[in-house]
Amino acid sequence: MAWLKGVWTANIYMLGKGAKRKLDEDEEGMEGKALAAGAGAMADGLSKVSYTLQRQTIFNMSLMKLYNHRALTEPSLEKRVLINNMLRRIQDELKQEGNLRPLFFSPSPPPDDPVDEGFREAQPAFSVSLVAPPLSQSPALSSPVLTSPSSGLSNTAPLEACLTPASLLEEDSVTLCTSPSPLVPLPPTLPRPPSSVARDSFSFALDEIEELCPSPLPANTSAPGATSPSSLTVSLQKPLCPPSLNSGALDSKDCSKPCSPKLEGLVPLPEERSAVSNAPETLPPNSLDMSTSPSASSSAFLTDLALDDILFADIDTSMYDFDPCTSSSGAAPTKLAPMVTADELLKTLSPYSAAAPAVGSNQPFKMDLTELDHIMEVLVGS
Amino acid sequence: LAPQISKLNSWCISVSVAVKKKEESDSRKINNSFLRDHNYATEADIISTVEFNSTGELLATGDKGGRVVVFQREQESKNQPHRRGEYNVYSTFQSHEPEFDYLKSLEIEEKINKIRWLPQQNAAYFLLSTNDKTVKLWKISERDKRPEGYNLKDEDGRIRDPATITTLRVPVVRPMDLMVEATPRRVFSNAHTYHINSISVNSDYETFMSTDDLRINLWNLEITNRSFNIVDIKPANMEELTEVITAAEFHPHQCNTFVYSSSKGSIRLCDMRASALCDNHSKFFEEPEDPSNRSFFSEIISSISDVKFSHSGRYLMTRDYLTVKVWDLNMESQPLETYQVHDYLRSKLCSLYENDCIFDKFECVWNGSDSVIMTGSYNNFFRMFDRNTKRDVTLEASRENSKPRAILKPRKVCVGGKRRKDEISVDSLDFSKKILHTAWHPYENIIAVAATNNLYIFQDKVN
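If you read the sequences in order, they're chains E and P. FYI, UniProt numbering numbers position 141 of the first sequence as 141, with every residue one higher than the one before it. FYI, UniProt numbering numbers position 108 of the second sequence as 108, with every residue one higher than the one before it.
None of these hints come from the bench; they were simulated from the model. Mixed in with the good hints there might be a few duds.
[As the list claims (entries may be wrong)] Within a straight-line C-alpha distance of at most 25 Å, the following computed DSS-like cross-link-like pairs (lysine-lysine) qualify:
1. P:Lys-433 / E:Lys-79
2. P:Lys-104 / E:Lys-79
3. P:Lys-390 / E:Lys-79
4. P:Lys-264 / P:Lys-104
5. P:Lys-308 / P:Lys-136
6. P:Lys-234 / P:Lys-348
7. E:Lys-95 / P:Lys-264
8. P:Lys-412 / P:Lys-390
9. P:Lys-361 / P:Lys-264
10. E:Lys-48 / P:Lys-308
11. P:Lys-264 / P:Lys-348
12. E:Lys-79 / P:Lys-412
13. P:Lys-348 / E:Lys-79
14. E:Lys-48 / P:Lys-348
15. E:Lys-48 / P:Lys-361
16. P:Lys-421 / E:Lys-79
17. P:Lys-348 / P:Lys-64
18. P:Lys-421 / P:Lys-348
19. E:Lys-48 / P:Lys-104
20. P:Lys-361 / P:Lys-64
Quick caveat: nothing in here was measured; it's all calculated off a predicted structure.
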């Protein structure tokens with residue numbers, strides 16, 4: 001794994017460079033208490049930063065060890081158990097600190113990973129940052145960051161599946177993208193680090209969504225029925241993230257079809273879930289406990305995260321079926337406004353729409369149908 | 001009683017041998033001169049286990065290629081008193097072959113994980129050798145006579161034409177060149193789902209146990225088609241697995257008692273009389289964690305890589321990544337003694353985790369009188385601790401520093417900034433040169449140290 005060593009030295013260098021920046025960012029962000037405590041807490045902040053940095057490093061190292069192992073013989077169970085325990089401990093710590101990064105994951109290891117009697121490593125319910133894929137995968141990264149497990153990139157499927165959804169990457173800019181995450185691959189050999197690729201495409205996409213969808217869709221407001229996104233924002237604990245990004249998150253989720261070329265990765269979200277149950281079939285037949293463990297593991301981890309309920313529960317897949325943006329007419333924005341404010345958004349989002357829920361809820365439905373016909377014609381026509 | 005070590009720094013090298021791959025199986029002697037210059041180490045030649053037999057006359061090594069090489073100590077002769085009992089190759093045989101697990105599409109390594117000798121009961125020698133899945137009982141016997149003068153076949157073994165036989169003769173037994181042959185007498189297989197890490201012969205000399213990551217099985221030496229599971233820590237849901245068994249050993253005198261160690265740094269002593277399945281321990285040895293030393297790697301470095309009873313049966317020795325501990329069987333709360341093997345690595349744990357060195361499994365051994373303990377380290381260093389004087393020494397097993405009969409020079413690793421002339425700094429240590437396997441003669445001060453593919457045998461010069 002010479003390349004890993006190469007990456008490592010580069011990362012250490014970058015870590016050295018980046019730490020200072022991170023400290024500034026962190027003081028404003030998660031480590032807000034350092035600021036509040038005053039200058040005396042600067043030292044605390046520093047050690048905290050190095051602690052979180054080290055923890056993140058070790059977490060990602062552990063992931064690499066578990067998933068990059070390509071041995072002819074069975075890997076040592078003791079080693080896997082120890083690495084797994086390490087991952088779990090870090091996860092628990094992160095959970096306690098509230099640094100939960102929700103993302104979906106493949107509950108099963110790569111299909112060609114021989115597992116021993118069904119022992120599956122603790123699938124990370126979340127990862128703190130991107131995991132560097134092997135260099136050979138770099139071309140694939142220009143496409144969306146998230147892929148379903150059925151993609152051909154089998155040996156990086158779990159890695160990519162552990163990647164943070166792009167929407168949250170934006171919010172995590174404090175800790176993820178500014179920190180020279182130790183997993184950014186060697187610069188010379190890659191066109192761009194994957195995180196920035198993702199950022200570029202997604203931030204661009206989100207900007208587009210911003211234009212398309214009217215701005216009065218603030219996500220982090222205290223609408224009465226607003227359980228989902230408010231808990232989303234609460235658990236993310238990003239007080240200084242611009243609200244537009246949060247709305248962007250939800251917008252991207254719901255408007256993913258309008259911006260499908262750029263946000264393909266998010267579309268498989270619901271499909272990812274159904275792919276979970278298919279996981280046993282993709283695994284080698286020799287793992288005896290296979291049939292029980294994937295669903296067991298996925299359910300175990302899914303129940304751990306309340307966010308998963310938010311992400312998956314209320315998605316109305318019908319939202320993904322029509323594509324108002326494909327209408328070539330530029331009259332999209334005004335027409336789209338009622339489209340986007342569908343039931344969930346009305347319920348969960350802004351007081352703006354809550355002002356006239358009764359009226360607003362009926363209108364979109366009627367318009368939905370006519371619009372749907374219109375859209376279908378357009379789609380069929382194109 | 002074994003002689004006491006008067007000085008720890010009087011070790012000298014007696015013979016250094018290389019285990020070469022293409023050795024003839026019946027050669028008894030190899031040249032006692034130094035190794036031919038091998039700049040590379042063939043993977044298959046890496047020594048994976050070293051063990052003296054109960055008298056110290058024989059020394060067995062197993063390697064990654066599944067071979068076993070047995071050395072025998074020369075009888076001391078009055079003519080050459082300086083060649084005081086050196087070890088020569090006695091027998092070489094292929095114990096295990098690589099196999100393929102078709103169910104899991106995985107190779108089963110032929111690497112010999114452990115060798116344990118049986119006590120000698122007749123002219124032949126018996127040893128158990130194991131790889132990840134199968135234990136084999138080998139009989140090593142000498143043949144130095146053969147019958148000659150058969151009537152029905154000639155000296156080459158060809159059948160003689162009865163028409164040509166005119167006289168009858170009585171076959172006589174004549175001496176021949178000594179031939180040492182190894183034959184597999186028992187194969188104990190299909191009892192382990194996980195990788196076997198230990199075997200231990202019981203003091204009753206009738207049974208032995210084999211240990212994998214999650215289970216311990218008890219066998220009768222005569223019966224290969226049946227084994228009894230005595231410990232099973234496999235959880236119902238493998239997702240909940242957080243601890244595995246790392247080593248196990250029978251008590252040297254009490255045939256009902258054994259211990260097993262775990263990856264969480266605990267040792268359990270079990271009594272087979274209590275129940276058929278010894279999932280409930282009789283004693284539980286664990287040292288509470290030192291909060292000042294807590295790190296991300298606390299659990300990993302607490303994983304016990306080897307556990308050995310003292311010859312007396314009173315004490316237990318365990319090896320984890322950074323320390324060796326001696327426990328009194330009567331005190332479960334904490335070890336009696338703790339020895340730092342290479343504490344300077346404590347600040348390097350992250351790098352050692354990255355290059356997987358943190359998972360290296362070092363073994364530890366007692367000397368014959370249980371007064372000195374020995375274990376290996378990196379850079380081909382190995383350490384000895386005198387329990388009585390509390391002195392310790394670091395020695396190096398390397399060809400450059402070892403001429404025949406030369407006394408080994410103590411080595412020192414410098415931790416701080418100022419490095420003295422003969423010291424080596426932590427950053428210069430070669431982590432690919434690790435001494436994982438060592439053995440100590442049961443009575444005398446002779447040690448065997450395996451350094452990758454080289455075997456070093458050192459003797460105490462004090463005479």
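Hints, verified against the model:
Straight-line distance between C-alpha atoms of P:Lys-433 and E:Lys-79 comes to about 21 Å, which keeps the hinted pair within the 25 Å bound. With a CA separation close to 19 Å, the supplied pair P:Lys-104 and E:Lys-79 stays within the 25 Å bound. Among the hinted pairs, P:Lys-390 with E:Lys-79 is inconsistent with the structure: their alpha-carbon atoms are about 33 Å apart, more than 25 Å. Between P:Lys-264 and P:Lys-104 the alpha-carbon distance is near 28 Å, which puts this suggested pair outside the 25 Å criterion.
Among the hinted pairs, P:Lys-308 with P:Lys-136 is consistent with the structure: their alpha-carbon atoms are about 22 Å apart, no more than 25 Å. This hinted pair does not check out: P:Lys-234 and P:Lys-348 have alpha carbons roughly 33 Å apart, beyond 25 Å. Of the pairs offered as hints, the one joining E:Lys-95 and P:Lys-264 holds, with about 23 Å between alpha carbons and a cut-off of 25 Å not exceeded. For the hint pairing P:Lys-412 with P:Lys-390, the CA-to-CA distance comes to about 17 Å; that is within 25 Å, so the pair holds.
For the proposed pair P:Lys-361 and P:Lys-264, the alpha carbon gap of about 14 Å is at most 25 Å, so the pair holds. Among the hinted pairs, E:Lys-48 with P:Lys-308 is inconsistent with the structure: their alpha-carbon atoms are about 41 Å apart, more than 25 Å. A hinted pair counts as satisfied when its Cα atoms are at most 25 Å apart, and P:Lys-264 with P:Lys-348 qualifies at roughly 21 Å. Restraint check for E:Lys-79 and P:Lys-412: the C-alpha separation of about 31 Å exceeds 25 Å, so the hint is violated.
The suggested pairing of P:Lys-348 with E:Lys-79 holds, with an alpha-carbon distance near 19 Å, which does not exceed 25 Å. Taken as a hint, the E:Lys-48 and P:Lys-348 pair is honoured in the structure, with Cα atoms around 20 Å apart against an allowance of 25 Å. Among the hinted pairs, E:Lys-48 with P:Lys-361 is inconsistent with the structure: their alpha-carbon atoms are about 33 Å apart, more than 25 Å. A hinted pair counts as satisfied when its Cα atoms are at most 25 Å apart, and P:Lys-421 with E:Lys-79 does not qualify at roughly 39 Å.
Only pairs whose Cα atoms come within 25 Å are accepted, and P:Lys-348 paired with P:Lys-64 is rejected, the gap being roughly 28 Å. The straight-line distance between the Cα atoms of P:Lys-421 and P:Lys-348 is roughly 23 Å, inside the 25 Å bound, and the hint therefore holds. Between E:Lys-48 and P:Lys-104, the direct Cα distance comes to roughly 44 Å. Violation of the 25 Å bound is thereby established for this hinted pair. For the hint linking P:Lys-361 to P:Lys-64, the alpha-carbon distance of about 15 Å falls within 25 Å, and the restraint holds.
The structure fails to meet hints 3, 4, 6, 10, 12, 15, 16, 17, 19 from the earlier list, while all remaining hints are met.
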